[in-house]
Amino acid sequence: MYVLPFEKPVVELLTRVKDLRELAKSDQRLTTELRRLEDKAGKLARELFADLSPWQKVQLSRHPNRPYTLDYVETLFTDWMELSGDRRYAEDAAIVCGLAKFHGKSVAVVGHQKGRSTKDKVTRNFGQAHPEGNRKACRIYEMASRFGLPILTFIDTPGAYPGIGAEERGQSEAIGACLAAMSRAEVPIVATIIGEGGSGGALALGVANRVHVLEYGTYSVISPEGCASILWKDGSKADEAATRLKITAPDLLRLGVVDCIVDEPAGGAHQDPAAAARLVDTALWTALRELEGLSPAELVADRYQRFRAIGALLA
Amino acid sequence: MTWPQRKPAGLDASEKKSFGKGVFRKCDGCDETLPAEDFEVNFEVCPKCGKHHKLSADGWRELVLDDGKLDEWDAHLAPTDPLQFTDGKAYPDRIATAQKNAGAKEAIEIGRGHLDGRPIAWGSFLFAFMGGSMGSVVGEKITRLFERAVTERLPVVLLQASGGARMQEGILSLMQMAKTVGARERLRDAGLPFMSVLLHPTTGGVAASFALLGDVNIAEPKALIGFAGPRVIESTIRQTLPEGFQRSEFLLAHGMIDRICSRLEMKRELSVLLGHLGPQAHG
Chain C
133 MYVLPFEKPV VELLTRVKDL RELAKSDQRL TTELRRLEDK AGKLARELFA
183 DLSPWQKVQL SRHPNRPYTL DYVETLFTDW MELSGDRRYA EDAAIVCGLA
233 KFHGKSVAVV GHQKGRSTKD KVTRNFGQAH PEGNRKACRI YEMASRFGLP
283 ILTFIDTPGA YPGIGAEERG QSEAIGACLA AMSRAEVPIV ATIIGEGGSG
333 GALALGVANR VHVLEYGTYS VISPEGCASI LWKDGSKADE AATRLKITAP
383 DLLRLGVVDC IVDEPAGGAH QDPAAAARLV DTALWTALRE LEGLSPAELV
433 ADRYQRFRAI GALLA
Chain D
424 MTWPQRKPAG LDASEKKSFG KGVFRKCDGC DETLPAEDFE VNFEVCPKCG
474 KHHKLSADGW RELVLDDGKL DEWDAHLAPT DPLQFTDGKA YPDRIATAQK
524 NAGAKEAIEI GRGHLDGRPI AWGSFLFAFM GGSMGSVVGE KITRLFERAV
574 TERLPVVLLQ ASGGARMQEG ILSLMQMAKT VGARERLRDA GLPFMSVLLH
624 PTTGGVAASF ALLGDVNIAE PKALIGFAGP RVIESTIRQT LPEGFQRSEF
674 LLAHGMIDRI CSRLEMKREL SVLLGHLGPQ AHG
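Chains as they are written, first to last, in the numbering used here: chain C, 133 to 447; chain D, 424 to 706.
These aren't lab readings, by the way, just hints derived from the structure by calculation.
Since the structure is predicted, the reported quantities are computational estimates derived from the model, not experimental observations.
Note that the Cβ used here is the ideal one computed from N, Cα and C, for glycine as well.
Take these hints with a grain of salt, some might be off.
Stated by the list, open to error - Pairs of lysine-lysine residues, derived as BS3-like cross-links and limited to a Cα-Cα distance of at most 25 Å, are as follows:
| no. | chain 1 | residue 1 | chain 2 | residue 2 |
| --- | --- | --- | --- | --- |
| 1 | D | 474 | D | 449 |
| 2 | D | 477 | D | 523 |
| 3 | D | 449 | D | 471 |
| 4 | C | 369 | D | 512 |
| 5 | C | 175 | C | 140 |
| 6 | C | 365 | D | 471 |
Said to hold, decoys possible - Residues on chain D that point at chain C, a partial pick, calculated with CB under 7 Å:
| no. | residue |
| --- | --- |
| 7 | 596 |
| 8 | 602 |
| 9 | 631 |
| 10 | 632 |
| 11 | 650 |
| 12 | 651 |
| 13 | 683 |
If we strip away everything but chain D, and leave its shape as in the complex, we get (with noise of 0.2 Å):
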């Protein structure tokens, strides 16, 4: 985010601090400045156009789970350096800085919530962790997520936001996707609903494995949904690419998702659709 005059003149440093606090914040869609909490309020909605800014892990569990409540599975999975990855940066380093800055061991949380009453399996992506890539503990996990939700009966509503496949595991995370996917069938094969919820953005390995294999697809608006990234596939055919390409609209009208749904009418529309196909709550 840039403000338009980020030193104000005149302003002394205490002042500018409280600047910092976030106070007041700029919308990226209309450049409004509003008051921070008009935002957090409205799960970083932007009250006056719309725009949608990134929700936080618990923001969605808040929004769309009764109470905010998740019973949190396999939460001690972390992630480990099985190619002695480094760039720069040794893998390891990456992991504890994104730890730290995420609050939790990897880049997925997922477990048994309840939606209007009904129980379901959840899985969150965390892009703050890493971009949200996958690497053996997310694959693990959204294997775990399709399995438990085979064994207890449970629909799955998944949320991506990620980058794709996160490239310091290499080959292994490549893996994950044929592994995820091989699961998501298991619940197919037992009859059971997989929402598959596309965030901004779901890109590469994640949105080629089972991003797109949801009984239904919903995006929120403009989410950025694809196979390549934008400068991939730029500086492959070395054009520029159209306005709104490969955003949620787009994908809507070549039929790869069913919905585009607004944030705010998220948990409504999740809740109508696993009424029309259940499990049906018994009891």
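Okay, chain C solo, but in the shape it has when bound (with noise of 0.2 Å):
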């Protein structure tokens, strides 16, 4: 497990926890003993984690051995059937869809996804997109929209790719086109930020009527090292560029730019995928069902109204 210097308190507490857990199993006296060391960890783990700084949380939502998209998957569905392609010219492994049963009831489903060895990371091209993987995001979308399937996805990015071939291949078209097709879409969308969710090709995938993220989720226009190389000449300020551009969950909370913070469990998403899963899968479940009730054209004027809204000037 890769170890942030500033998570070190925080990954020794909590395994102590799980080394008491393991002891009590087979010893049943350490059972109440385990209850409060393991309340006591919690509590202690959010108090470090309490004061971190933005570019902390970029650093977790970055974080290696974070849940991924496909990590997601196993846990809150079934019956998953992933689909390839964009029928136009390639697959691109950096963005997985599919169907799969979200408590019963069909779902498609669209998530960025990294890897975790190196060459899995290659392969994946780090979870940054070329066309061809936001034009099977879109075919996806309007395959969903005709079968009435609710649409979740998980955004999990650097950023869409920038290279000679993405250019090529209309990178800026086919962004565009995954926001038209969001935004025509008759059923209902959940977008969940996961990790970092940067911005054109994480908004390929964030064009909902409900967009949750996660504790220690990021959602920017541009990546604070970018943003620093941009003002200062100097990518190392990306410290002092996350706190300035209000990219973690609670300033998107107040900007409006999301609807609800997933909680994440103690020490972050992957100090426990499991609950963290669990987490996730209530607020998508809340979400849906407070979506279940609008016909598919309130669901399209939901989603144009809940953007339409977003901004700030003077009028």
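Hints in hand, dock the two standalone chains.
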């Protein structure tokens, strides 16, 4: 397990609890002691994490052990059927799409996917989609709309890929088309920012009726490094840029960009992926229930009004 | 623009000043020095080599709209500072400077005009205002442009020149991409045409939202159009980019735009296209 410097005390604490949990399995007398320590560790971990800087949260959102889209797919859904390809040029593994059952009902799933191993990271292009990934997403949005399937998206990308091939094959148009397809979809859409919400590439999965962000997720128009290199010609001032850009979950809630913050287990989602998945599950289930009564036209109008209202200006 | 000899020997201050007023100008394309007036009467297109220099929003109105007249909508909308953003210079100060220099409240003008007698909804970016970047006001005005076009049954002609989303408004700028595209889709549903005119440069959040979703995408020659800026791409892939990469001609060859059109032909082409796509003028 990769440990960030500021995580160290929390990780040590949680490791001790885990060890005790193992021991308690064979010795019933330890159960009470375990409960007490679990509570205490949880509280302490929360306290230690209460004052994380925006830049530390950015690092958590990119944590290599953080649960990725396919980890959530495994725990939240049944009958998963991955669907591949944009039907035009290629399959892009930076975005995974598929059909699945969520609490017994069929849904369409679209999510960015980062890799774990070095080889996997390269295959997934670090979660940075080419136009083909976005066009695959677009295809699924349109299909889900035709078949009346709610769409659940999982956002976790540094951004859409900036490269020669991506430009040749129309990255801009591909993202624009995703925004249009999501705007038009006559089904409920719930987006969850599970890690990094990087710019246009994130938004291509983000035009939803409800947008959720995990406690240590971020969402930004530009990466803190990119912002720093533009403003101060110095990418190392990313921590300062992270603060100024207002990209953490509480900022996003305050700005009206997200509708709810999904709590993470003590120490972050990667310390207890199963617990994180349960929290995401509850949030998704609640959101879908709220949207259940809306007609197709009302769902489109709800989404339009949601984004229509975002912005700050003097009239 | 660089002059070959900024300080010719023996030139005194008053003479230098007369140079500075711009009696002569050098073309960025062919390096030819010509009377500045030759550029002005030709809408900033070099009469020698055809290089398109930036044309102001005023110039575009003059060039495309009948009598250069625009009945402007929502010119009062002004930006604010939702993030209390500063990068050494506070965002409100940047806004004030931009407003003073551009003589406008924000980086786009919208309104109703006529093109060869046909009423149209017109939008035109002011690149001089913070690089035509899209923050809350630009997003709102583009949204209103599409919405009002639907209400008044007008085709939309939108001229883009923008570096993309406005960093100083952070995530709120990103959200304008979703908002504007939603409005663009309402125009589609209303059966009204969207003429997207891509000027130099059209990149980032503007390119990746409505700009390439025109029913017809027309670009000026050699305009830079793309998702990521060339410097970002170069630093990502660590290669020098090929000549002509992300220029209009490159986009045409890759199927992303319908036409490349000289500025001086733009009015005629838009007129013919709107004639084909309507809505047909009644009475």
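(message) Could you work out which of the previously given hints the structure breaks and list their numbers from low to high?
(response) 6, 13
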